[in-house]
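Quick note on numbering that gives the first Met the number 0: the sequence shown kicks off at 0 and runs consecutively.
If you are wondering where the hints come from, they were derived from the structure by calculation, not from laboratory data.
Among the hints, a few may not be true.
[Claimed, not checked] Pair by pair, the computed Cβ-Cβ distance ranges are:
id	residue 1	residue 2	range
1	Thr159	Asp81	39 to 45 Å
2	Tyr114	Arg189	32 to 38 Å
3	Phe28	Tyr114	38 to 44 Å
4	Ile91	Gly255	26 to 32 Å
5	Ser234	Ala127	17 to 23 Å
6	Leu184	Pro87	43 to 49 Å
7	Thr197	Asp158	33 to 39 Å
8	Thr159	Gly56	53 to 59 Å
9	Ser85	Asn251	20 to 26 Å
10	Thr110	Gly238	32 to 38 Å
Remember, predicted model here, so these are calculated numbers, not experimental data.
Ideal placement from N, C-alpha and C gives every residue a C-beta, glycine not left out.
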Amino acid sequence: MSIRRRLRSTALLGLVLWMACQPAQEDPFPPDAPRWVTKSDPVAWTESGIDATYENGRVAVQLMWHPNLEDDLHGYRLYRSDSARSGPYEWIQEIRPDLTPGADTAWIDVTAPQYRKLYYYLTAVDWAHNESSPSDTLTYRLLAAPLPLGPSDQSVQRDTLAFRWIDRLQAHTYTQEYVLRVDVLSTPPRTVWVVRFTQQWYEAQTNGAPIRFPWFAPGQSWPENVLALLAESDSLEPGLYRWKVKNISEINNATGLDEASGESDWAFFELLP
0 MSIRRRLRST ALLGLVLWMA CQPAQEDPFP PDAPRWVTKS DPVAWTESGI
50 DATYENGRVA VQLMWHPNLE DDLHGYRLYR SDSARSGPYE WIQEIRPDLT
100 PGADTAWIDV TAPQYRKLYY YLTAVDWAHN ESSPSDTLTY RLLAAPLPLG
150 PSDQSVQRDT LAFRWIDRLQ AHTYTQEYVL RVDVLSTPPR TVWVVRFTQQ
200 WYEAQTNGAP IRFPWFAPGQ SWPENVLALL AESDSLEPGL YRWKVKNISE
250 INNATGLDEA SGESDWAFFE LLP
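With these hints in hand, go ahead and build the complete structure from the sequences.
So, in structure tokens, the structure goes:
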């Protein structure tokens with residue numbers, strides 16, 4: 000082999016070795032911006048999107064989004080502001096799909112303050128630490144949760160079934176509407192009735208089989224701050240049920256969706272024949 004060819008081979012080998020020693024170039028492309036799940040109507044059978052919920056003994060904000068499809072997705076970052084849409088925003092949570100299986104497209108903000116307008120946006124992050132553009136910004140105002148009084152951990156006759164609760168709103172905030180939801184305790188629990196009605200005259204709208212709920216004003220045997228609906232229906236079969244109530248103070252007139260609410264914990268009862 001000639002000296003020139005030998006030198007050329009040595010130089011080529013050196014170049015290959017040099018390239019092998021260089022660190023791999025990281026992915027410069029960030030994930031797509033996450034997309035929020037559309038908020039459901041207050042009387043929809045399945046509750047989805049941003050909403051009030053009850054978690055760990057307190058009212059909280061539920062957030063839901065569609066999963067990103069990138070193979071190198073590392074997780075999501077959730078940001079919140081309680082002052083203005085323009086911020087400042089605080090990074091309040093990192094959601095890791097590999098650490099929270101099944102919870103990578105939903106989060107419940109149990110640290111959300113009440114009676115303040117909240118702003119949320121979400122980003123996606125890959126394993127190369129590229130962060131996506133922000134998602135759209137969602138807004139909501141969290142209110143104090145109603146307190147369900149009854150039926151709660153008791154058995155009731157069908158003809159005497161009455162839902163009673165206390166509306167505990169404060170800070171010069173008043174309820175415009177209520178949504179009462181009843182589930183039968185199957186596996187999993189299944190919604191069997193939802194009603195939405197106004198504070199003033201309780202004109203009910205139901206989806207599914209209608210159940211008459213005439214309103215009677217509390218006053219004689221119950222405290223003035225106790226609200227009640229008396230159920231008169233043969234459509235509820237004997238069995239185990241749970242129920243909760245949502246108080247809405249702000250409604251988008253164009254969409255009919257709630258923009259400020261609180262929601263109670265579940266209360267349980269047995270309906271006798």
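Inset, instruction - Look at the Cβ atoms of Phe28 and Tyr114 and judge whether their distance stays inside 38 to 44 Å. - result: Given range 38 to 44 Å: holds, Cβ gap about 42 Å.
Legend entry - Range agreement (Cβ of Asp158 with Cβ of Thr197, hint 33 to 39 Å): Check failed, 26 Å falls outside 33 to 39 Å.
Inset, instruction - Starting from the hint 26 to 32 Å, judge whether the C-beta atoms of Ile91 and Gly255 obey it. - result: holds, 29 Å
Legend entry - C-beta pair Tyr114, Arg189: status relative to the range 32 to 38 Å that was hinted: Cβ of Tyr114 to Cβ of Arg189: about 34 Å, so the range 32 to 38 Å holds.
Inset, instruction - Look at the Cβ atoms of Thr159 and Gly56 and judge whether their distance stays inside 53 to 59 Å. - result: With a Cβ separation near 30 Å, Thr159 and Gly56 fall outside 53 to 59 Å, so the hint is violated.
Inset, instruction - For the range 17 to 23 Å, tell me whether the beta carbons of Ser234 and Ala127 fit it or not. - result: Cβ of Ser234 to Cβ of Ala127: about 56 Å, so the range 17 to 23 Å is violated.
Inset, instruction - Given the range 32 to 38 Å, decide if the beta-carbon distance of Thr110 to Gly238 lies inside it. - result: About 37 Å separates the Cβ atoms of Thr110 and Gly238, which means 32 to 38 Å holds.
Inset, instruction - Check the following: the C-beta atoms of Ser85 and Asn251 are separated by a distance inside 20 to 26 Å. - result: Since the Cβ atoms of Ser85 and Asn251 sit about 21 Å apart, the hinted range of 20 to 26 Å holds.
Legend entry - Cβ separation of Thr159 and Asp81, checked against the hinted range 39 to 45 Å: holds, 44 Å
Inset, instruction - With respect to the beta-carbon atoms only, verify the hint that Leu184 and Pro87 lie 43 to 49 Å apart. - result: holds, 44 Å
The earlier numbered hints that this structure contradicts are 5, 7 and 8.
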